[in-house]
Amino acid sequence: MRADIVIVGGGPAGLAAAIAAAKEAPELSILILERDNELGGILNQCIHNGFGLHTFKEELTGPEYAERFEQQLVGHNIRYLLDTMVLNVASNQVTAVNSNDGVFTVDCGAVILCMGCRERPRGALNIPGLRPAGVFTAGTAQRLVNIEGYIPGKEVVILGSGDIGLIMARRLTLEGAKVKAVCELMPYSGGLKRNIVQCLDDFDIPLLLSHTVIDIKGKERVSSVVIAEVDGSLKPIPGTEQEIKCDTLLLSCGLIPENELSRAADIKIDPATNGPIVNESFETSVQGIFACGNVLHVHDLVDYVSEESSRAGKSAARFVKKNEIETAETKNIRIQKGSGVRYTVPCTVRIANLEDDLIIRFRSTGVFKDSYIDVQFDGEQKIHRRKQIITPGEMEQVILKREELEQCIDEITVSITEG
Amino acid sequence: MDTRELTCINCPMGCRITVVMEGAEILSVTGNNCKRGEIYAKTEVTAPVRTVTTTIKVNGGTHDRVSCKTKEPIPKDKIFEVMDVINRSVCEAPVRTGDILIPDCAGTGIPIVATKGVDNI
Ligand SMILES: Cc1cc2nc3c(=O)[nH]c(=O)nc-3n(C[C@H](O)[C@H](O)[C@H](O)COP(=O)(O)OP(=O)(O)OC[C@H]3O[C@@H](n4cnc5c(N)ncnc54)[C@H](O)[C@@H]3O)c2cc1C
Ligand code: SF4
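So the protein sequences, as listed, match chains A and B.
Taking this note's numbering, the leading residue of the first sequence gets -13, the next gets one more, and so forth.
Taking this note's numbering, the leading residue of the second sequence gets 23, the next gets one more, and so forth.
It should be emphasised that the hints constitute simulated quantities derived from the structure, not laboratory data.
Don't take every hint at face value.
Computed list of lysine to aspartate or glutamate pairs in EDC-like fashion (alpha-carbon distance at most 20 Å, straight line) [as the list claims (entries may be wrong)]:
{"#": "1", "chain 1": "B", "residue 1": "K98", "chain 2": "A", "residue 2": "E134"}
{"#": "2", "chain 1": "A", "residue 1": "K179", "chain 2": "A", "residue 2": "E10"}
{"#": "3", "chain 1": "A", "residue 1": "K140", "chain 2": "A", "residue 2": "E45"}
{"#": "4", "chain 1": "A", "residue 1": "K387", "chain 2": "A", "residue 2": "E404"}
{"#": "5", "chain 1": "A", "residue 1": "K164", "chain 2": "B", "residue 2": "D99"}
{"#": "6", "chain 1": "B", "residue 1": "K100", "chain 2": "A", "residue 2": "D190"}
{"#": "7", "chain 1": "B", "residue 1": "K98", "chain 2": "A", "residue 2": "D342"}
{"#": "8", "chain 1": "B", "residue 1": "K64", "chain 2": "A", "residue 2": "E380"}
{"#": "9", "chain 1": "B", "residue 1": "K79", "chain 2": "A", "residue 2": "E134"}
{"#": "10", "chain 1": "A", "residue 1": "K140", "chain 2": "B", "residue 2": "D121"}
{"#": "11", "chain 1": "B", "residue 1": "K64", "chain 2": "A", "residue 2": "D187"}
Residues from chain A that face chain B, not an exhaustive set, calculated with beta carbons under 10 Å [what the hints assert, rightly or not]:
{"#": "12", "residue": "L46"}
{"#": "13", "residue": "N181"}
{"#": "14", "residue": "G274"}
These numbers were taken from a predicted model, which means no experiment stands behind them.
Backbone N, C-alpha and C define an ideal beta-carbon position, used for all residues, glycine too.
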């Protein structure tokens, strides 16, 4: 099989990348490989609304948002194979398997990685206690309820206040379950404020900040969990233990980009994002392999996934058409993370390759109030912008004008400074 | 006099807003950092509304359930009645996104519409 561009994963990232690549270069053939039995990725199970406010200026549910993109595939040189799992990637060849074709290879000019992310499983969380049935990640529970129509339990405790956990607290309550508490290890919630109000406060579900689960009880099925308050160094405080009777524990403790394929292809991974290190064109350390969406860094808003993936798709199309200037000849500017910044995407910029302005997305290391976002070019202040609040839960961005970037020689530093 | 504490959901600041009321009349709105907070607080204390999203059973389709929503936000105190009506309803495949599945749900005057398509088997 052959395709000019192979896209691994048919979620919102893969769809937006495919459409943008096809628009940029209608003569190129594009192939999406998706392991699930439908396109749309995780959006199929996100039946709540709040998607698309930026892109379509209306509030859509996850499936509606995905459908808007699926409709755009028609009329372009884009094919897709469902129930097809990609096993291996290199810059000019992808190996995949499905029940019709068995194991097959696709020769190609470029690859775009759009595999999304997955949830931190319980093993990564170190909760002591038994391993009875009734412990689910919040995303698994979301799939069970919204796709299979199966309610996982009647009395629920949720550990972690990320958005998926908050959304599931409401979803299970609507379906008649009793959500007894949401425990959050940190002194602040990782979820959006609007979700705390609409998903917890609306139904009087308590949010216990600085609390964690220290024990899970029950032989075959969860019968209760023991929670405790934690101190400033996140250690449980003796004497604060409470036992809560429940049959289900949901874990909503963060997402990790799904990069097994990237690692096997020797793509350099940024330890801060767990995703590939990319340049302004979303190209990884392996030439001809691009990455976008949640496989690159975890996004809270699908609108940003679509926007970023469009740029990645366009870059890949330009690369295949050889419009891209060779790496060696162009100056490579590093983007450094200064104080208060956990990571930036991208990590390097070749100005000659920029079509438009440069968007740098980043996350903070903690909560900052009344502080400034600073950008320096080679140590010289360029941007000093006041922000009322910056939290690790909300992605930030700065936009740098192409003309201005011409002045920069070696490095751009992004930092957060307190007022 | 009645005092209500709210969290504004319009931006990440999440201002704590205090609304003082005398019966149905709003006497003061404080704590908001901007005009949007005031508007939110006024609707929230007079007639709070929410969009409900859930799934409904489908007969004869490629999937057993299809996702759906209230076409417009419904009064907050009707949420559980609306859920109850949806959970007792069944629709027939094929279903297209935007199809009206229940014309007037639980006397709210607001229809339930499909948010995904389901084909016939
Ligand atoms: C459980 C969960 C709930 C979420 N809820 C929200 C929400 O409410 N609102 C929001 O804005 N964002 C939410 N997110 C974030 C959401 O994932 C992103 O907004 C968006 O869906 C990311 O798009 P993506 O295409 O990068 O990843 P995904 O949507 O995850 O799509 C990745 C696709 O790649 C496929 N794939 C992976 N590996 C392979 C392989 N080897 N071969 C073939 N195909 C492969 C997968 O099957 C999947 O279809 C949620 C994420 C998760 C995990
Ligand atoms: S009142 Fe204004 S500043 Fe405060 S949370 Fe609401 S929208 Fe944001």
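A quick look at each hint next to the structure:
Under the criterion of a C-alpha separation no larger than 20 Å, the hint pairing B/K98 with A/E134 is inconsistent with the structure, at around 27 Å. With a C-alpha separation of about 38 Å, the suggested pair A/K179 and A/E10 falls outside the 20 Å cut-off, and the hint is violated. With a C-alpha separation of about 30 Å, the suggested pair A/K140 and A/E45 falls outside the 20 Å cut-off, and the hint is violated. With a C-alpha separation of about 25 Å, the suggested pair A/K387 and A/E404 falls outside the 20 Å cut-off, and the hint is violated.
At most 20 Å may separate the alpha-carbon atoms for a hinted pair to count; A/K164 and B/D99 meet this at roughly 18 Å. For the hint linking B/K100 to A/D190, the alpha-carbon distance of about 16 Å falls within 20 Å, and the restraint holds. Proposed proximity of B/K98 and A/D342 is contradicted: the alpha carbons are some 45 Å apart, above 20 Å. For the hint pairing B/K64 with A/E380, the CA-to-CA distance comes to about 27 Å; that exceeds 20 Å, so the pair is violated.
Straight-line distance between C-alpha atoms of B/K79 and A/E134 comes to about 11 Å, which keeps the hinted pair within the 20 Å bound. For the hint pairing A/K140 with B/D121, the CA-to-CA distance comes to about 32 Å; that exceeds 20 Å, so the pair is violated. Pair hint B/K64 plus A/D187 holds up; C-alpha atoms about 18 Å apart against a cutoff of 20 Å. Against a cut-off of 10 Å between C-beta atoms, the interface hint on A/L46 holds, since the closest Cβ of chain B lies about 8 Å away.
Hint on A/N181 holds. Least Cβ distance to chain B is approximately 9 Å, under the 10 Å limit. The interface hint given for A/G274 is violated, since its Cβ lies 36 Å from the closest Cβ of chain B, which is over the 10 Å cut-off.
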